[in-house]
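There are 2 protein chains.
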Amino acid sequence: MVCAPGYGAHRGRGRCGQLCPKKGRLMRVVIGADVGGSKTVVVAEVDGEVRARIQAPGAALRPDLVLRSATTIADAIRRSLAEVGRPSADVIVVGAAGAGRQQEAKELARALRAEELAETVRVTTDGEIALVAAFGQSPGILILAGTGSVGLARDPQGTIHRAGGYGWQMGDEGSGYALGRAALGAVGRAVDGRAEATVLSQRVLTATRSSDISRLVRWAAAAGPGEIAGLAPLVLEAAESGDRAAGEMVTRAAEDLLALAVSLRGLFSEEKAVPVAITGGVFESGPLAGALRAMLAARSDVMPVDDIVDPVAGALSLARDIAETVSE
Amino acid sequence: MVCAPGYGAHRGRGRCGQLCPKKGRLMRVVIGADVGGSKTVVVAEVDGEVRARIQAPGAALRPDLVLRSATTIADAIRRSLAEVGRPSADVIVVGAAGAGRQQEAKELARALRAEELAETVRVTTDGEIALVAAFGQSPGILILAGTGSVGLARDPQGTIHRAGGYGWQMGDEGSGYALGRAALGAVGRAVDGRAEATVLSQRVLTATRSSDISRLVRWAAAAGPGEIAGLAPLVLEAAESGDRAAGEMVTRAAEDLLALAVSLRGLFSEEKAVPVAITGGVFESGPLAGALRAMLAARSDVMPVDDIVDPVAGALSLARDIAETVSE
Chain L
4 MVCAPGYGAH RGRGRCGQLC PKKGRLMRVV IGADVGGSKT VVVAEVDGEV RARIQAPGAA
64 LRPDLVLRSA TTIADAIRRS LAEVGRPSAD VIVVGAAGAG RQQEAKELAR ALRAEELAET
124 VRVTTDGEIA LVAAFGQSPG ILILAGTGSV GLARDPQGTI HRAGGYGWQM GDEGSGYALG
184 RAALGAVGRA VDGRAEATVL SQRVLTATRS SDISRLVRWA AAAGPGEIAG LAPLVLEAAE
244 SGDRAAGEMV TRAAEDLLAL AVSLRGLFSE EKAVPVAITG GVFESGPLAG ALRAMLAARS
304 DVMPVDDIVD PVAGALSLAR DIAETVSE
Chain W
4 MVCAPGYGAH RGRGRCGQLC PKKGRLMRVV IGADVGGSKT VVVAEVDGEV RARIQAPGAA
64 LRPDLVLRSA TTIADAIRRS LAEVGRPSAD VIVVGAAGAG RQQEAKELAR ALRAEELAET
124 VRVTTDGEIA LVAAFGQSPG ILILAGTGSV GLARDPQGTI HRAGGYGWQM GDEGSGYALG
184 RAALGAVGRA VDGRAEATVL SQRVLTATRS SDISRLVRWA AAAGPGEIAG LAPLVLEAAE
244 SGDRAAGEMV TRAAEDLLAL AVSLRGLFSE EKAVPVAITG GVFESGPLAG ALRAMLAARS
304 DVMPVDDIVD PVAGALSLAR DIAETVSE
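Quick note, the sequences are listed as chains L and W, same order.
Under our numbering, think of the first position of the first sequence as 4, with each following residue one higher.
Under our numbering, think of the first position of the second sequence as 4, with each following residue one higher.
Bound conformation, chain L alone:
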């Protein structure tokens, strides 16, 4: 076992940590988890150095199904602990979609504490960890777009606000679901000549293993939001290769996501440009991130942040803060 390079910098010792063989002090283990609708990411850090990054299925909190989410999250945390060779952590911070509802957040925290995976467990929203990852505790606007979409802002007083995020049937404009649904619609309209031909027709048939349109119709009638959102990468690829219908879908998505940022911009004073960061699966490849950043850059009241935010880094950062407070 070796001590992490950043070891000397930390100010305390984990109460359940192991003794560091080099310096005779305990090593600190903190874990951050980003729990979304389509995937869960868990990162374990030992004395300031990331030692494990685990990906698991989505486990967004839903009423009456919190225990199922807790099982998925706990399993992923255990895998990360196994990878760093430790039975438990000092602090775990979980940012989960659906944790904005107090009841579900409390149930998840209780269930995770019962698993005895750490001395301290904190559950917060996926939005808060993403904002921390983007701006620390400083003000700014963050656009998240994965299966769903939502805009978040921390105002200069530190209060968190949101715009959108009303779900797949009421909102989620510019999300993976919206892109996948648009692709299905374009394929249908192309069948009977209501819209131009698109490369999406063949690609969507292939991706859904549909031998013909009537099979695709059946698939679409029964597909859940996550499955529909799974078609979004096809739209992004098709747009990149010049397909006009797909290009229009990407432009529309960028406009819808811009509207979230503009809505939140109203919370800030007018004098200077507010930074806008982006995160989520739809930005990871293809032209949507670029299209949205170009629209943001064209305005004087906001300014796009270059990097794509990794929300789990915010959970880790919060976990580190708690570990330091506990050990002081």
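Because the hints were derived from the structure by calculation, they are not lab data.
Each hint should be verified, as a subset may be incorrect.
Lysine to aspartate or glutamate pairs mimicking DMTMM-like chemistry, simulated, CA-CA at most 25 Å apart [as the list claims (entries may be wrong)]:
{"#": "1", "chain 1": "W", "residue 1": "Lys109", "chain 2": "L", "residue 2": "Asp215"}
{"#": "2", "chain 1": "W", "residue 1": "Lys42", "chain 2": "W", "residue 2": "Glu110"}
{"#": "3", "chain 1": "W", "residue 1": "Lys109", "chain 2": "W", "residue 2": "Asp78"}
{"#": "4", "chain 1": "W", "residue 1": "Lys109", "chain 2": "W", "residue 2": "Asp324"}
{"#": "5", "chain 1": "W", "residue 1": "Lys275", "chain 2": "W", "residue 2": "Asp158"}
{"#": "6", "chain 1": "L", "residue 1": "Lys109", "chain 2": "W", "residue 2": "Asp78"}
With the C-beta cut set under 8 Å, the calculated list includes, among others, these residues of chain W facing chain L [said to hold, decoys possible]:
{"#": "7", "residue": "Ile163"}
{"#": "8", "residue": "Ala166"}
{"#": "9", "residue": "Arg197"}
{"#": "10", "residue": "Arg218"}
{"#": "11", "residue": "Ala223"}
{"#": "12", "residue": "Ala262"}
{"#": "13", "residue": "Pro278"}
Even for Gly, the Cβ is constructed at its ideal location relative to N, Cα and C.
With chain L held as given, fit chain W onto it using these hints.
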């Protein structure tokens, strides 16, 4: 018991009919059923006169759930027979959503025959009975828009074609589902100032018994297509009373339904205007029927039919034809 006024005109006698007390001949009972996603309508006719009209829940055919649909349909047929005081009918014709899939249509026919409700049972699509109701066996275009939407045409050679009808996640443009979904989106965008205020906000909250937006968000996340389509009348009413957002939704729906008609118009020769009839719940009140008819009337290649088609009349007409053929 009295003989129906049209009695003397019919050419045969139902094999399971009762003796007509006035003329010493058997009375003929035919039944038509229109089975949709949100409702089922059954009409019983005795010797050419409608004697019962029953409304029952939707029973559209879905893979693996055909027997459940059959139970609903058989119950409604039994209620109509009870109302006309007969144990069974001569002919039943059922036009059912989902019967375009051969397997489901056969299963439904088998299940209904096992109920011994009539000598002859025929199952066809909801589209065919609607086309017959609109145009008999003559050519024309029919736009159906209830929970879903589809365009149908009988071409001059008698072949039936369709456009759209790809379901709530892949199509159904201009349908009740599309209108309800648009209403939810407008309510969400109005919350955070991305769209103008609309009277739909309060009306949708009330209709869904949601005490606030977060309850509505939960409702929308779990609502089925039929429930979302149930919001369409709110949009039609709001548009009629001048709400701008609702008005735009109705215009958009009319454009989408017009596109179905235009797509099917390509099947006909260019010389004369093709009649376009409309049917379905979204046309029964409010401004959508008028908006679509105005768009149709503005074109020279189609002409709107004035009446709203009652599809069950097509099922009855087909049942009457079979009864006459059988008894000849």
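(message) Checking hints one by one. Is isoleucine 163 of chain W an interface residue toward chain L, by the C-beta closer than 8 Å rule?
(response) violated (14 Å)
(message) Next item in the hint list is alanine 262 of chain W. Is there a CB on chain L closer than 8 Å to its CB?
(response) holds (5 Å)
(message) Next pair to validate is lysine 109 of chain L with aspartate 78 of chain W; report whether the Cα-Cα distance is within 25 Å.
(response) violated (47 Å)
(message) arginine 218 of chain W was flagged as interface toward chain L. Is the shortest Cβ-Cβ separation under 8 Å?
(response) violated (11 Å)
(message) Run the distance test for lysine 109 of chain W versus aspartate 324 of chain W: straight-line Cα separation, threshold 25 Å.
(response) holds (21 Å)
(message) Using the nearest Cβ pair, does alanine 223 of chain W come within less than 8 Å of chain L?
(response) Cβ of alanine 223 of chain W sits 4 Å from chain L, so the hint holds.
(message) Would the hint on proline 278 of chain W be counted as holding, given a Cβ-Cβ threshold of 8 Å to chain L?
(response) violated (19 Å)
(request) For the pair supplied as a hint, lysine 275 of chain W and aspartate 158 of chain W, confirm whether the alpha-carbon distance does not exceed 25 Å. (result) Holds. Lysine 275 of chain W to aspartate 158 of chain W sits at ~13 Å (cutoff 25 Å).
(message) Holds or violated: the hint that arginine 197 of chain W contacts chain L, with Cβ atoms closer than 8 Å.
(response) holds (5 Å)
(request) Please work out if lysine 42 of chain W and glutamate 110 of chain W have their alpha carbons no farther apart than 25 Å. (result) Cα-Cα ~20 Å, so holds.
(request) For the pair we were handed, lysine 109 of chain W and aspartate 78 of chain W, check the Cα-Cα distance against 25 Å. (result) holds (19 Å)
(message) For a C-alpha distance cap of 25 Å, please report whether lysine 109 of chain W and aspartate 215 of chain L respect it.
(response) holds (22 Å)
The structure fails hints 6, 7, 10 and 13 (numbered hints given earlier, in ascending order).
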